[in-house]
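S.K.: For reference, the chains in residue letters:
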Amino acid sequence: MKKFYNRIAETALLPFLSVIMAFVISGLLIVFSDAAVLKVIGSPGKFIKVASSTFMNAYIALFQGAFFDPHLTQGHTLLQGFYPLSETIVTATPLILAGLSVSLAFQSGLFNIGAQGQFIFGAIGASYVGFHYTFSPVVHVTLALLAGIVLASLWGGFVGLLKARTGAHEVIVTIMMNYIAGFFILWILKTKSFLRPRRIDPLAPNIKPSAELPHLLGSTMRLHAGILIALLAAVFVWWLLNKTTIGFQFRAVGANASAAKTAGISVGVTTMLTMTIAGALAGLGGAVHVLGNQYALTSDIAGSFGFDAITVALLGRAKPRGTVMAALLFGALRTGGRTMEANTSTPLDIVLVIQALIVLFIASPALVRFIFRIKNLQSQGTLASKGWNG
Amino acid sequence: MSLELRGVTKTFGSLVANDNINLKVDDGEIHAILGENGAGKSTLMNIVYGLVQPDSGEFLVDGNPVTIHQPADALAVGIGMVHQHFMLIPVFSVLENIILGHEQSTKIGSLDSSAAREKILKLASEFGFHIDPDAIVENLSVGVQQRVEILKALMYDAKILILDEPTAVLTPQETDEFIEIMKKLRASGTAIIFISHKLREVKAVADKITVIRQGKVVAIADPKSTQEELASLMVGRPVNLTEKKTIHHDNAVVVKVSELNIADEVGRPLVSNINFEIHKGEILAIAGVQGNGQTELANAMVNLHKNVHGSILLDGQEIVGLSVNKSLHSGIAYVPESRELDGLIGKFSIAENLILDTHHEQPFAKGIFMSNKAVEEEAQKKVVEFDIRTQSIDAPVSSLSGGNKQKVVLARELSRPVRLVVACQPTRGLDVGAIEFVHKRILEEREAGRAVLLFSTELDEVMTLADRIAVMYKGEILSIVDASATREQIGLLMAGVKS
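So the protein lines, in turn, are chains A and B.
Reminder that position 323 of the first sequence reads as 323 in this note's numbering, one-by-one numbering, no gaps.
For this note's numbering, add 1000 to where a residue sits in the second sequence, where the first one is 1.
Bear in mind the hints are in silico, worked out from the structure with no lab data behind them.
Every residue gets a Cβ at the ideal spot worked out from N, C-alpha and C, and that includes glycine.
There could be a bad hint or two in this list.
[Claimed, not checked] Have a look at the derived ranges for each label pair, beta carbon to beta carbon:
#1 B:1091 to A:38: 34 to 44 Å
#2 B:1055 to A:165: 51 to 61 Å
#3 B:1014 to A:38: 52 to 62 Å
#4 A:363 to B:1007: 42 to 52 Å
#5 B:1313 to A:360: 50 to 60 Å
#6 A:186 to B:1259: 34 to 44 Å
#7 B:1317 to A:304: 30 to 40 Å
#8 B:1368 to A:139: 24 to 34 Å
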C-alpha cells in the first residue's frame, strides 16, 4: 500500500503543485487588476481586506460555476445544484477523447498536434450519418460514431504513413493538416449535401433524434452518454498500452525507437498504427461532441478542443487516468470561468492565464523543484522535448 | 616535483567513492592507477585536478601543503590533465586551441600568438611531436589530437600530468608511440599519473602501480607482477584472463558473405567488397580502428542498414533484404555496439527488455494479449541463468550497472534458437568481472557449435577469442589472418598497411 501511495505521490505531485501555483499567481493577477483593490492600495489594512475578498469571491464563483451552486437548488431538487458539474463534464467529454489521442501518441514518441483536424473529421463523419440517414436509435448512434472514427483515423493514419515512408516530421505535417481540415469543413458546409436547407451560412442540418446520445440525468441537465464513451476509451487506451503487444510496441518505440528497431519491432508500422488510433480517438471526440451536445455541424465545431488536448495530455503526463483528470479540470475551468465573469469583475481570460501557467510549470519541473525545494521530483520534461528527428 | 595525497575521502550520498586514499607520486615517475570502472579512479583524479572537492584529505606538492579548489589552482601548482574525451574545439587550429584561455594581446589589442607559436614548436621538437601549429584540429587523427592535449598541458608548465585512459582511442601503433612519448616526458622530469585498465600497457610503462578497488587503495604493485596478479588485485578474487581455446575441426560453413557492399543514403560507399565465411564453432573477429565500416557491416548482418548489395547466406539461405525481425528469427543473435542506445530501453523493466524481440510470440502473448505471468517467469529464469544482479525484475534496466545491462542483452539474444552470434564491442566499458563473463559466454556459444562474428576494437580481446581475424580499414577487409598472427602484423593492418 505504501508503495502505491509513493507512486501516486511521485507522478501526481508535479501536476498538483503546478495547478496550485497557477491558481495562486492568477489570484494575484485577479487582485491587482481589480479597480476596487487598486483604489485602496494606499492603506494596508483596507487593502488586505478588499484584496482577500476579491480573491476569494473570484474563486468561489469559479467553483460554483464548475461544480455545485447552492442558489440553483432553491425551488428545485438538490440535484439541480449540480447543474454546473453536468456542464463541466459535458465540456470535458470531447476534451478527454482528444486528450487521449495526444497522450497515446506521446507514449509512442509522437507529438500529435493534429487532434484538432482529426476532431473536425470525426465531427463531419458523425454529423453526415446523423442527419442524412435514418436508423433505429442504437444502430444510428453506433454508425454515426463509427463514421467519425473511420474518417478521423484515415486522416490521422495518413500522417503516420507519411512519417514512416518519407520521414516527414509529424509535428509539421499535423499542423498543416489542421489548416486543411479547418478549411475543408468551411467548404463542405457550403456544399449541397451539407448546407441546411434555406440557409446560406455554414451550418449543417440537425442530426436526427435517433442519432442523439441519450441524456443521463433527464432533460434539465445536458449531461449525455458521451462521458461513458470517453471513460471507456480511457480504459481502452490503458488496456491497449499496458496489456497488449501493440501497446508494448508503442511504448517501446516511444521510449527508445532505436532499440525497438534493433529488437525487430517495425518502427514504421508502429508509427502508422499509433497515428491511426490517435486519429480515431480524437475523431471519436468530435463525433461525441456533435451527437451529444451540438447536434448540428458548424465550421467552429472543434473550437480549441484539439489544442487544449495537448495541454491536457501534458498535464495528465500522457497517462489515461491523468488525461481524464486534466480534462475534467479544464472543463471545470471553462464552465466555472463563465460564472466567474458574470458574478465578479474578473474576466474569463484569467482562465486562459491559469491554463497557460499550468503548462509553463509542467514543462519546467526544475522550476517547481526549486520553488518547493523537492529533491526527487521525477523529471518528466522529456515528454515534450523530443527533437525534430525523434 | 612530487605530489602526495593524504587521507583523501569523498562520498556521494551513501556511496564512498574514495576512502582514505594515500598516494605518492615522485619526480619523474610514471605512476599507474589501476582499477575497474567505478573503482574511484576518475573521482580521485578529478579531485586532484580541482574538478571535485574532497570531503577530507590534504595535498602536498614537494612536501608543502596546497589547496586546490578549481582547475586553475591545479594548473598554478603545475598539475595538468588530459581527459579521456578531448577538450578541443574542432574548428580551431592547434595554436588557437592551445592558447585558449591564456590569450595574450599586443599593445593595440590584437591577439598575439607569436610567443606561443615559438614555444609550441620548441616543445614539439623536444618530444618528437610532428605538429603543425596551424593545422585545424578536426583534420588531425585522434593520436595527434591527443598530442595537442598534452602540449596544452606542457605549455603551462605542468610538472605532473594526469592522463585519463589515454590509449582507449589509439591504434596499437599509436599506443606504442604514445608509450615512447610518456617515457620521454619522464626523462625530462615530468611525473605522470597514468589511469588505465589495460594491464599490458600499465606493465609496459609504469614505475609503480597503485591498485584501487571500491574506493580504497588495495595494493601498491610491482610492474613485474603478471597480468593475472594485477587483474586479481583489481577484482579482489582470482581471475583467469586467458580463456582456454580448444580447436574445433568442423568444416560446415554457417555464414557465407560474398560481394557485400553497403552505401549511405546518397549512394556513397561505406563498405565495399566484403567476403568471408564462418564455420561451425568458429569465432571470426573483425578488428580495426573504430569507424572503418564495422558498425555498418554489423548492422547489415541483421538488415538494420539499408542500401546493402550482395549476399549473406545463413546455412545456405539468403538473408539480405529480410526484415530485422525475420533476420533475428532466422537464427542470429545480435549484440549491438551500444547497449544503452540500441540494445536496451532504459525506461523499461528488466523483464520487458528480456522479451523485446519475442513479446508477440507464445508464451508471452496470445494474439494481442500479453501474459504478464509468462514474462515474469522468463525474467526470473534469465536473471538466475545469466547472473543478472538486481533487486527486482521490475526495476528499470537503466538502474543496472554496465555489466548487468550487457547480461540482459545477452540473455535476450541467446534465448532464441541461434546459429550465428554477432557481437559488437561486447565488452566495451565493462569491468574485469563482466568481461570475463561475456568472454566465457561467447566461448560457450562457440563450443556449442555456433558461428560467432565478433567486432572489437580491443586487440587484446580479438587475440584472446578469435580463431581467425579479419582487419577492416576504410570499409574494406584488408586481410584475414590466422589467430597466430602477431600483434604487430595486425597493428599494421589496422593502420592500413598491407604487406
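S.K.: Next, verify each hint and record whether it holds.
M.R.: Each hint tested on the structure:
1. Taken as a hint, the range 34 to 44 Å is violated for the pair residue 1091 of chain B and residue 38 of chain A, whose Cβ atoms sit roughly 56 Å apart.
2. Distance hint check for residue 1055 of chain B and residue 165 of chain A: the Cβ-Cβ separation is about 57 Å, which falls inside the suggested range of 51 to 61 Å.
3. Roughly 54 Å separates the CB atoms of residue 1014 of chain B and residue 38 of chain A, a value that falls within the hinted 52 to 62 Å.
4. Between residue 363 of chain A and residue 1007 of chain B, the C-beta spacing of about 46 Å keeps the proposed range 42 to 52 Å intact.
5. In this structure the hint that residue 1313 of chain B and residue 360 of chain A lie 50 to 60 Å apart at CB holds, the actual value being about 58 Å.
6. Between residue 186 of chain A and residue 1259 of chain B the CB atoms are about 58 Å apart, so this pair departs from the stated range of 34 to 44 Å.
7. A hinted range of 30 to 40 Å for the beta carbons of residue 1317 of chain B and residue 304 of chain A is inconsistent with their spacing of about 56 Å.
8. Restraint check, residue 1368 of chain B to residue 139 of chain A: a C-beta distance of roughly 28 Å satisfies the suggested window 24 to 34 Å.
Comparing the model with each numbered hint stated earlier shows that hints 1, 6, 7 do not hold.
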